[in-house]
Every structure is written in C-alpha cells, then in structure tokens.
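S.K.: Keeping the supplied structure of chain A fixed, place chains B and C upon it in accordance with the hints.
Next come the chains, spelled out residue by residue.
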Amino acid sequence: MNLFSICTVTRRSVVSRRAVTRLGHAALAAGLVAVAAAPAMAQVDKVAIKAGKVITLAGDPIEDGVIVIEGGRITAIGKAADVQVPWDARVIDQPTLTAFPGFVEALSSSGMDRPNESLDVAPFLNVRDSLDPVNFYFEESLRNGILTINVQQGNDTVIAAQGMVVLPKGMMVEEMVVKPASGLKMSAQPRNGKSRATQAQALRSAFTGLRTYLEEMVQRKRDGDDLDRREALAQGRTLEGVEAKGKAMQGAAWKVDGLELVPRGEVEDKQEPLLRVVEGRLHVWFYCGTPADVHTALAVAKENGFLGTMTLVLGSECWKAADTIKESGLSAVLDSSLIHIERDPVTNEEIETFVPSVYAKHGIRFALSSTSDANRSLWYQAATCVAHGMARDEALARVTTIPAEMLGLGDRVGKLAPGMDGNVVLLSGDPLDMTTRVEHVVLRGKLAYDRSTDVRVKLLQDGTQPMGTSADEPEAGESTPEANKSETDKPESNKPESNKSGVTEKKAGGK
Amino acid sequence: MKPRRSILRLVIVRGAIVLAACVTAAPALLAQSEKAAPAPPALDGAASDGAATKPDTQRSWTLHAREVHTSTGTVLENAAVVVVDGKITAITPGLVAPRDAVAVHAVTAGFVDAGARIHDGFASVEQADEIQPQRSVAITLDPFDVRWKRLASSGVTTAFIAPPERDVIGGFGVALKTQGAPSVAARTLAGQSFVTGVIGNSPSSGNSPAFGTPSSIYNRRPTTRMGVEWEWRRAFFDAYAATRFPEREFAGAEILREVLAGEHTLYVTAWTTADIRTAIFLKEEFQREGFGEVSLVLEAAAEAWKEPKLLERSGASVILPPFPRQGRGTDQSLMPLETPKLLADLGVLFALSAHDGRDPNERLAFQAGLAMRGGLTREQALVAVTLAPARILGVEGRVGSIEVGKDADLVLWNGAPFAATSGIVGVLVDGVPVASLPATAAQAAEAKEAKEAKEAKEAKEAPKTTSAAK
Amino acid sequence: MINSLLLLSLAAWTGIPGPAGVTGAELLSTSGAGLPSSSGAETRATAVGLRVGRLHVGDGTVLENAVVVVQGTKVLSVSAADGGPLPKDTVIIELEGELSPGLVALRDYATMRGENVDATRNVMPTADLAWAFDPDHRDTQALIAAGITTAILAAPGTELVGGLAPAVDPGSGAIVKRGALLCVGAGARALAFNRFPTSTSGQYDELERLFTTSTGAAGQVFQRAKQRTLPVLLDVTDRADVLRAAAFAKRHGLAGALIGAMKWGDVIEAVKDAGLSVVIGPIWVGGEGEEAARQAVRVARAGIRIGFAVDTPENHPALLRASAARCVRAGLEPAAALRALTSDAAAIAGVAGQTGKIAPGLEADLVLWSGPPTELTSRVLRVWSDGQIVHDAATAGSQQ
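The listed protein sequences correspond, in order, to chains A, B and C.
Each residue of the first sequence is one higher than the one before, starting from 0 at the first, in numbering that gives the first Met the number 0.
Each residue of the second sequence is one higher than the one before, starting from 0 at the first, in numbering that gives the first Met the number 0.
Each residue of the third sequence is one higher than the one before, starting from 0 at the first, in numbering that gives the first Met the number 0.
Excised from the complex, chain A in its bound form:
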C-alpha cells in the first residue's frame, strides 16, 4: 500500500467525510496519515468488478458476473443478481469485457539485471538482490496479463540463487513479493566450458561438500571446539529456539552421525540452503536441456533425497525422455519452444515434434512458460496447444491453475474464487483469441494497468509515436518531383485493386 494508490482511488471514505465535517483540516491530515501508516486499522479497500463474462477456471463461466475484492482478496464472485456489492466499493463496470484470472508464469529468468552469475554454485544468493522492478519485462508481463511470476535464475549454472514469486508491479522488490522463497534453480545441462561429466561432478561435489562440512562441524562439537558458535554469533544468526536445536535436521536423506549435537543456527549461510534442499524444505527447479540431462538430474536428486520436492524444467528436446520422466512421477515446466525441430542426418529432412502432445500422452503433469515476446505470450502457448488437439480447459489450466499449484499458491492465484488474491485481468475477448487485448489489470484489488494510457502499446499497435519523440517528416510532395501523370496514365494492368473484401461476388455452386 503506498501513497500513490491512495491518491488515485477515489471513493466515499467514511473516515475522510467524518474528518472533514467534525475535526477540520488538521484532523483530516491526521486521518490520512493514519490511513497511510496503518492500513490494517483503517478502512479496507473494496473493489467490485462487473464484467460481461467472468471466466473463473473454478467452474463454468459466469455471464454478467461480479467479483468483489476486499483488502486485496476476493470475497464474493457470482452473477450480478446473486452478489451483494458493498456500498462503499469502487465499481469497475465493463460489460463488454471478459474477466479472467491472471496468467501464472511457472518459471522466468527475466527481470533481473542478468540471468546468471559467473559462480557455478551460489545457493546463498537470492534473486531479491538482482531483481529490477522497473525492468521492461514486468511492464510486458502486465500488458500480457501475467500476474504471478516465479523469478528464478537462468540455465547457465550448476546451482543458482534462490528465487521468489512476484507480482509484475511495484517500485521496490518488497512490494512485489508474493512468496519469498520459491525454490532453488539447478541445471543438469553443462554450463559454458563444462562437459557433461564435469557438470555432474560439480553438482555432486556441492552436496558432498555439504556433508563434509556437517561432519566437520560434528567433529568440532565432539572436540569441544566452539568456533562455529562464535562465527554464528559474529554473523548475527539465531542460536535459540526450536530451529536452533539439531532437531530441524531430521529427515535428511543421508544421515550424518551426531548431527543432533549441532544447533541449526550454526550452519553457515553458504551451506544452509543446500541443507534445506536435502531436507526437502526448499523446492528445486532442475533444468534439463537434453534427454540425457534428465537422467543426471534424477540421479543427483535421488542420491540426495530431494526427488519429492523437485520440478523439472525441460528444454524442447527432452520429450525423448518422456518415459523416464513419467516413471519418476515428477512434474515439469516446459520452455517456450513447443515445437522441436531436428534434421534427419541421412535424409536431411526436417522432423517437427509438438512437445506438449508427447507429455500429455504420457500423462505427465506440466505447465507452459512463455518468452518475453508480446505476440507469443502465455495465451499463445495455450492456444497453440489447442491448435494441436489439446482440450481448451486443459490448455488454459496449464498456464493458470497448474503452475499456481506447482508454486504452492493454488489457493491464492490462478483461479477466481472467494479467498484467492484479488488479481483480475479484463480482456477484450476470449483469452485464447488472436485479437484479444488486455484492457485492464487489477492487482490485489488495485487498478494496476489501463491500456488506454499505455503509450508504448499505442506505438506497437498503430505507430503513434509518443509525444516529442518523432521528427516532423516533410509532407510528401514538398521536396519531391511533381507527379504529372499519375491519374491518367495508369494502364489497366497496373491499376491497384485494393485488398477490401467483397471485390467479387461469387455465388456458391460453381459456374
């Protein structure tokens, strides 16, 4: 909640009216300050969205529906006749538009200043430090109706930073956070300079390094050495509480003898995220570029016990490992190239495979992800699946409810239902239609995007340059040779016929 949003939302506020009539300007100022400083105590923001059609993804679409959002959460949703709109709610009335839950981006490495670090193993880093709220990517996401984004580092890594789920709007990272610790990114695909063997070795040695570290800690404890305790205190880590006892380290896949002697808080920052991974408390997003990488990823996960808290991120060639993936029971996020093209080395023919069909046939649970190209965003990925035979509801689920569940936010985003976050996209038509636009976006009950004021979209749509950016072009004809024959001399064969439809009327039935 920030001052900006307060100023733009005009509503009949009980507090401000009383302030004006009873206490005067000073009290008004105090009241506004109070509202600004302690929103929880002041009036809850209420918004009612009326749309010609509401697609909830939690049931049938509702004609002439209403969604009531209070305090950033949906409190009621249904047909206009059935839902009581609070009298003090701001009403967004759009009878021509379709309301839709925002798209959910299961995994994205855009929005940071660079997608990867040069370090191979850096689980102690967090994307909150590299995420750039004003990055063009977030503006584009909002424009395309993507309202929940799992920002993770890119694929050029061994073990990368921890990621987070964010909203695509905010001036500071804290304002954007939806879920702060959404997992750790790993990659089985050899990063630059590495071979398959050295990549696998790097993955494994990160975990053996953790084990060695813990064993040494145990040894130090047995020797009565309190080096770790002193270091932890110096770094300000908590040593008291339940977490502090070694109890939190139960359930690790591989046991380290005597680990219960070590308070949790003494584990250093560099190793702690990996320890959480091994305990199954930190989700892993494991990238595989080729089918062979899938085996590496599964092997590393099995050896270190985090197979149950892992999601595969698959490059387009990995459909060849569909059997293995199915056996493992894991879910997957597909990268944006849904059509895999390869060339037969003997016949030189191009073979195209539509990847989602393969996974669907194997019964593998997967979500789609998109590129940052406006014309081919998540709606397009879902529509392409429909074009290749997937059922519409299933395709829509793969860009909304399924990624929401994968992120552990199935009860907050991806659907429109009471209790979910107040994130609503107002579309000019069907979500999978080529001509549909995002007209408005409401994020947590606040109007976050309005297409009519989007200057950049106007440039892309009809070429209108933003004011002050285009040089005035001379009128065609001023400094050009005169045309003295254009009207009369055009021979019939060159007469341009327009592309207007209905040029010839041909009745059915042939000649």
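Hints were generated in silico from the structure; no laboratory data involved.
Predicted model only: the values in this text are computed from it and were never measured.
Backbone N, C-alpha and C fix where the C-beta goes; we use that ideal spot for every residue, glycine too.
No false leads were slipped in.
If you want the ones that stay clear, here's a sample from chain C, every Cβ over 10 Å from chain B, calculated:
#, residue
1, 61
2, 120
3, 125
4, 131
5, 136
6, 349
7, 375
Under the rule of at most 30 Å between Cα atoms (straight-line distance), these lysine-lysine pairs were calculated in the DSSO-like manner:
#, chain 1, residue 1, chain 2, residue 2
8, A, 360, B, 148
9, A, 168, A, 52
10, A, 193, A, 301
11, A, 269, A, 178
12, C, 262, B, 148
13, A, 360, B, 450
14, A, 325, A, 193
15, A, 445, A, 457
16, A, 49, A, 168
17, B, 148, C, 271
18, A, 457, B, 305
19, C, 225, C, 271
20, A, 45, A, 78
21, B, 447, A, 360
22, A, 360, B, 459
23, C, 73, C, 176
24, A, 325, B, 447
25, A, 319, B, 148
26, A, 319, B, 450
27, B, 447, B, 459
28, C, 73, C, 87
29, A, 325, A, 301
30, A, 360, B, 456
31, A, 52, A, 445
32, A, 178, A, 45
33, B, 456, A, 325
34, A, 445, A, 49
35, B, 453, A, 325
36, A, 168, A, 445
37, A, 360, B, 453
38, B, 450, A, 325
39, B, 459, A, 325
40, A, 168, A, 178
M.R.: Chains B and C alone, transformed into the frame defined by chain A:
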C-alpha cells in the same frame, strides 16, 4: 385463374418436399457437426489414431468443410470441394459430408508468399557485379531442398523467390509451387516477370573502398545507401543512353530498357521510409523520359504505411515483411500491428509474407493472425495471403482462391482460419497432399464409434476410480 | 647373351635371384617403372605366358585356368585352359591368385604436385594437365600398389573449366592419352566468394557463353566437346547440380560423365536422358557410405555406365577398389563392379582401345589378386604396367 392455382400447388408441393428434406437432413447435419472434428495429425505428418490418409500420388479428392473461405468475399457453409487431377472441379455448399470426403472444419486457398526466401544463399545471387538484370534465380534453386516441404506444410503453396538482398539489381525472380515434380521448371508458374533489386544498405555491406584494403571484387561502389541509389540511377541511365550511344551498351541493358517500357515489373526491396521514397522517386524520374510506365512492387516495405500519397501516386503494390519483435525490424523500420489495416484503408494492393519461415511460430498463418490482431477482418487477412499476392504476381488465373477451374492448392484447418487455437491439418498442392490428410467422414465416424464403445465397455467393467489429474 | 637375358627374364618373373646375386625382379622392375613406354627395347621381346586359376577379362567374362600371353608392352593373346596353342618360346609363369585388368581411376590429383589448379584463372579450356604430371613423384607407388594402372589426372571441380585431363599410366610413366576429358566445374564447388562466378546463375550463364561463343583454340575445344569427340567430366555436388549439369549436357549434345555427387536417387532419369555416365566418389564405412553405395547400385541398375574415382592424394588409392567392394556388398554384381573399375571406366575416359581389358592388342596392364578382386579380403600381389612388373607385394615395403 387456373394456371395460377396450379403454380401455387406446385410451389406448395415443392416447398413441402424441400422442407421434408431439410427436416430429415437436419439431424444428420447436426450430427455431422459433431462428427466432423478429426484429430489433427502431429506436425511431423505421422498418422494419429490410425485414421489419417497416407500420402501418395492421388490427385483427386472430395473435401468437406463447415466453412469454405473462397477468398472472393464469400464463406460457404458445409460445402464440399471436389478436386479432380489437381484442379478444383466443383464447390457445393449446404451438403452433409459425403462418407468418403475428407472432413475438416475449414478450407482456405493455399497461401501465396510473394516474399518467400527459400534459396541457396550466396549461390543464388551473382555478386561479381552489382547490376545483374540478366541473371535469373530460377536456375539456382534446389527442388530437393527440404525447406520447400517446411514452407508447404505451413500452408504456402505458391512462392515467389527473388535473389537475396546482395546485389543492387540481382536479376529475375521466379514464382513456383512449393511441391511437385523435382524440377524448378515444372513447378514454375507463368505470370508477370519481375526484375528484382534492393534499395537500402544490404547491397553495400561487404563492399569496401579500393584503397587500404586487400584487392577483391568487393573493392567497389556502393559502400553506402547513397551509392546504392547512384548505382540504380546509373544503370537505368546507361541503359537508356545506350539507345543513342551504342558503345555504352552493357550486359543486361536490354532488360532494363524493357523495364522502362513496362514489360517487366520492378520488384524492389525497400524497408524504410527513406528507401521507399527513393524507389518511388526513381520510378518517376525515369518514367518521365517518355519511355513507358514502370510498374513497381515494393517488397519488405515495412514503413510503406507512412507514405500514403506516394503510394497512391506510384500505384505500387506492397509486400509486407513478417511482423518484427517489439515493432522494429531491419534498419529499425517501424511496423506496428496495424500496418496491414492502414494499407487496406488506403486501398493499396498488399500482401503479407513470412520470408523463410524457419521459426515455426513465425509462419504465414501466424502473420495473418497478427494482421487480424492489428485490425484486419478475417476476410481481409485471407485475401492478403492468397488472392492479393496472386494478383501482384500475375498468377491469379491459376491460384489464390477456391474457384472452379483453379489449381487445387488448399489448406485444411481444424478451426477458424488464422485463430491462435486453429491448426493446419493438411495442405494440398496441385491436388497432392504435402503430408497426410485428416480422416474422411466415414473414418472419423468409425473412430468415434469405436472410442465410445471402448469407453462404455471400460466404464462397465472397471470400478470407478478417479485417476490422478494430469 | 640372349640366354642370359632369358634367364634374367625368367628370374624376373619368378623372383628367384639371378646370376650375380641381382634379382631379375629388381633389375626389370627398376627399369620398368618410370620409363615412358614409348622408349623401350625394340628388340623382339620374349612372350611370357601367365597362367592363373582365374582371369577376369574386364568385360564381365571370367576364364578358368587361363593363360594370358604378354609380349613387349601388349597382350598377345588370352585363352582358357583348353585354348589354342601358345606361340613358341613362350615362358609360362604359374601364378597363384586371380588376374584382372589394371584399375582405372577416373579422377586423380596424384603426382601433380598441387599444380593442377591455377589460383588466378578459373577458365582454361586449352590448358593441358599432362604438363603437371610428374612420373617420378612418390604418389606413384601408392597408386600402383593399389592396382591402379591408369589414372585420369583432372582438375578439381573448383575450376569452372579446369582444362584437358590426360589419361596416364603411373606404372610406366607413360601418357596414355592427352586430353582424354575436358574438366568442367558444373556444381557448387566451382562457386567462389571472391571471384566470378559467385552464383549458380552466373556460373551457367558463363558456361553457356563459353560453349556457344568462344573462338580460337578455346572455341575448338568446346566445338570438339559438342561434337562428342572430347568427353566432358562434369563436377557436381548434389541432385540439383546433377539436374542442371544434365540439362546443360543435353542442350549442347555433350558426352561424358558426372562426378562428385553422393545422391542420385531422383535424378537418374535425367542422367539417362542426357546420355551421361556417372563416376562414383569415394565410399567410406559408416551410414553415409552405405547410403552412397546403395545409390551407386541404383544408378548401375538403371543401365547407366559407372566408374570410380577417389581423388588421391585426398584419399588413399586403396579406397578405389574398396568403394567398388562396398557397392558389391550393397548389391552390385561383382562382375559389374569390376567392369566399372576397368573396361567401363576406360570407355568413359575414351581409352578403351588401349587399356581396361585383358584382350589382344591392349596394353598389358594387369593386377594379380590374392582372391576375387571385388572382395575386401583380397589384396594386390603383383601389378604389371605395359608388360613390366611395377609392383610386387612380396618385395615391396609396407605399402597397402
């Protein structure tokens, strides 16, 4: 009185018959609308559900679609299209799908890409000299290139190939079918002849001044866009001057004179406003010499929408390039989504193009969809990829629309054409399928019955357990 | 004198050390290799009869227990076991193995010291590549050891018109025929980035111009080609090149062969229609090689004459026979494969009157194999060139 009454009786009786026919046909039609939804084949042409037709040299088919978009302004409903020996012989609306007809949701004419770029790269443009009007790209094309099949699978049945953008005047382009006999000559369509060239930077890239660089054939003009325009002007001027001073004759001069006389159309690649203006000014400059009418086609003219007056004056047709990412393409040319609509409103004859269509997401059907996103109606978008480019190329007698007598170049869809949720499920070129075709109405009905029977059997036998959701 | 000569020749053929500890083989082989066949002892040479269990004539005929009589540089007669009487004083040598004509390699760069390509000009219709032939070059021995007794020394396909290729005999060092073939680069290899032609359109426009408007000595070369007295070797790379080259050859009435492509599948009709032969390039092991072998078999079965070439020293000369052997594995009849290596290849090169078969009147270019020549398990035991032993596996070093 008597004749009128009998006529009335006649009308009533006939009306009753028709009504009866409709009543009996209606359930079949309604049932048809549920049955005619075949499983789209996988993109690699493999049969799905065992119901797709194997590709062979069969050239006669009956197709049935809920919507037949003819490109001539009409959409026929529940129409059957009959193909015999590679030609369309009949189009009949208002029918139930015949049992042996390939049944799909929609059929459109095969696309015509007037700016396709399937060629041999540098081997397709003679770079020993910048002015090579006498060359022809046809002999450089490889009929066995696997990319033809890629192009054809994307719905493009006729393509116009120009020499790559490396020569100022590169020579003749050629319009040909994307599939057929393994011979460029056999696939070539006789239409308008085009002498192609480029205005812009690309011919000058690779050239360097003669001083300070190792000697090669690239030590020459032009090295800038200004030099490119100079080459154009010089070539046409010398060709014209050679009529008075024969010693100035050069290889290709005769062809340039034929261009000035209007026998060949000038096909100029010009991306930006500056280049488009140059092209039109040059046309007007040489036209004034009293030679004849130079006809002009502007290719990849992304910014043509910025020069409506010049377009109208010159009568030029426009071939648009693929929509760029974030609105800006080659040479920073700005091509907003509404470009096709702006040209349509101006009354300019224009076509869309997908260039080489390597990216499966950027092919011609998608370009048409984007044009709709930019405001074109479906009919306008369809014309922009079928009849309009056929007209520009002068091959509308054979291709570009679904009309009796034209070549059986057809694209089959499993939904409304160009919708994001629609896929191309079959393509015919001269009546020959590019890969497999979807099932016939009979096969689809059988498959559906078998599936329903199987499901019913399973429901009876197995206890009802809800399987894990995908 | 004559008796000692007789003894020496006997020694030579059998390898038994002759008088004075010098083996006749050494004596005659050193005098045999390297000398042009035109200068030889003109004294009436002895007739030597080579009797062998199997003799492949080269045209498909196989004779059992045959005797081939060699006199001087030529073959005098060939007869089977019950054949006619032999000339008197014929020395009979018994050989173990199978005899075939010497192999004909239809394109070779061996011995030319890299001087078969001009860096500045790519159109040289009158250039005589025989000038680049170096009979003393070390490549010669490798050719001979592989059983190759005739090689066409051609320009590579990178030249638009590379010149006139001679047929040479590496064993005797003789030039069998000057200007046997005209080398034309009709494929993508002839295109360059930095000189004309850079494109196929420029290439064919230029070839058209050369063949129709050339004058002088160059004009005569092209005239002879169009009159079919000078066969043309057209270098191509893929099926599109083949179509273009075949159409060009047909348009100008050229005779000759296409060389350099691996795939012939859909264009066989066009090749037949143009009346051209096909030279099969080197066939290696592996999937691609097997595919190339299958394609070669298809060409042969379509009735097109084929030959082989391996472009030594880019490839080892032994690959010539191995390529044919791989075609046999892919289904080509052994007799047809051997024909392709010998008599058909000689016909393509226009030297069928001199070599390519074991027949009376032709040069005595023979190879003794340890088994069937088109089996990979057989190896070269001995090679005769113009009647002289030029290679003997027993005494040679580690060749092959």
